[in-house]
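Undergrad: Sequence:
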Amino acid sequence: MENKFKNRKNEVIKKLNLPKEVMTGEPKITIIGKEEINIENHKGIIKFDDNFISLNSTIGRLTIEGTGLEILYIEEETIIVSGTFNTIYYGEKSHE
Numbered sequence: 004m005e006n007k008f009k010n011r012k013n014e015v016i017k018k019l020n021l022p023k024e025v026m027t028g029e030p031k032i033t034i035i036g037k038e039e040i041n042i043e044n045h046k047g048i049i050k051f052d053d054n055f056i057s058l059n060s061t062i063g064r065l066t067i068e069g070t071g072l073e074i075l076y077i078e079e080e081t082i083i084v085s086g087t088f089n090t091i092y093y094g095e096k097s098h099e
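Plus 3 on top of the position in the sequence shown (first one is 1) and you've got the working numbering.
Hints in this document: simulated from the structure, not taken from any laboratory. Mixed in with the good hints, there may be bad ones.
What the hints assert, rightly or not - Derived pair list, reagent style SDA-like, types lysine to any residue, alpha-carbon separation capped at 25 Å:
id, residue 1, residue 2
1, K37, I82
2, K50, I35
3, K50, T87
4, K37, K7
5, K50, S60
6, K31, I48
7, K7, K18
8, K50, E68
9, K31, K50
10, K18, I74
11, K50, R64
12, K50, G36
13, K7, K17
14, K37, L75
15, K37, Y93
Stated by the list, open to error - Beta-carbon label-pair distances, calculated as ranges:
id, residue 1, residue 2, range
16, T87, I49, 35 to 41 Å
17, D53, K18, 27 to 33 Å
18, Y93, K37, 38 to 44 Å
19, E80, K37, 23 to 29 Å
20, T33, G63, 16 to 22 Å
It should be emphasised that the depicted structure is a prediction, and the values quoted were computed from it without experimental measurement. Glycine included, every Cβ here is placed at the ideal spot set by N, Cα and C.
Kindly produce the complete structure, drawing on both the sequences and the hints.
TA: As structure tokens, then:
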């Protein structure tokens, strides 16, 4: 039943020509080089320091590891982070 609903939802998104992330709440991630990342539709910061940031999202935890990480901008569901990125991944890892 849930797959049928999801398929129908995807059909509506396509017919209305809407960006998928608008209807599904999935994160939209824009990476500019190795030094800036814009994440829309995040659901909150789990942990942050100058080498590590971990965010909640509708599809799981998003983690960025690097050096000199800094939050340039933050709003309810949008965050822009700068620094030098080494690793970006979803899910758990041994850092914590």
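Undergrad: Now tell me if each hint is right for this structure.
TA: So, going through the hints one by one against the coordinates:
Straight-line distance between C-alpha atoms of K37 and I82 comes to about 16 Å, which keeps the hinted pair within the 25 Å bound. Between the alpha carbons of K50 and I35 the distance comes to roughly 22 Å, so the proposed pair stays at or under 25 Å and holds. Simply put, K50 and T87 have alpha-carbon atoms about 18 Å apart, close enough for the 25 Å limit, and the pair holds. For the suggested pair K37 and K7, the alpha carbons sit about 39 Å apart, so the restraint of at most 25 Å is broken.
Of the pairs offered as hints, the one joining K50 and S60 holds, with about 13 Å between alpha carbons and a cut-off of 25 Å not exceeded. Restraint check: the Cα-Cα separation between K31 and I48 comes to about 16 Å, which is no more than 25 Å; the hinted pair holds. In summary, the hint linking K7 to K18 is supported, as the alpha carbons are separated by about 17 Å, within the 25 Å threshold. Using a Cα cut-off of 25 Å, the hinted pair K50 and E68 holds, with the two alpha carbons roughly 11 Å apart.
With a C-alpha separation of about 20 Å, the suggested pair K31 and K50 falls inside the 25 Å cut-off, and the hint holds. Restraint check: the Cα-Cα separation between K18 and I74 comes to about 36 Å, which exceeds 25 Å; the hinted pair is violated. At roughly 11 Å between alpha-carbon atoms, K50 and R64 fall within 25 Å of each other, so this suggested pair holds. Among the hinted pairs, K50 with G36 is consistent with the structure: their alpha-carbon atoms are about 23 Å apart, no more than 25 Å.
As the CA atoms of K7 and K17 are separated by approximately 16 Å, the hinted pair is consistent with the 25 Å bound. With a CA separation close to 15 Å, the supplied pair K37 and L75 stays within the 25 Å bound. At most 25 Å may separate the alpha-carbon atoms for a hinted pair to count; K37 and Y93 meet this at roughly 17 Å. The hint said 35 to 41 Å for the Cβ distance between T87 and I49, and at roughly 21 Å that hint is violated.
At about 45 Å, the beta-carbon gap between D53 and K18 misses the expected band of 27 to 33 Å. For Y93 paired with K37, a C-beta distance near 19 Å fails the hint of 38 to 44 Å. Judged by the Cβ atoms, the range 23 to 29 Å given for E80 and K37 holds: they are separated by roughly 24 Å. Taking the beta carbon of each, T33 and G63 are about 19 Å apart, inside 16 to 22 Å as hinted.
The structure fails to meet hints 4, 10, 16, 17, 18 from the earlier list, while all remaining hints are met.
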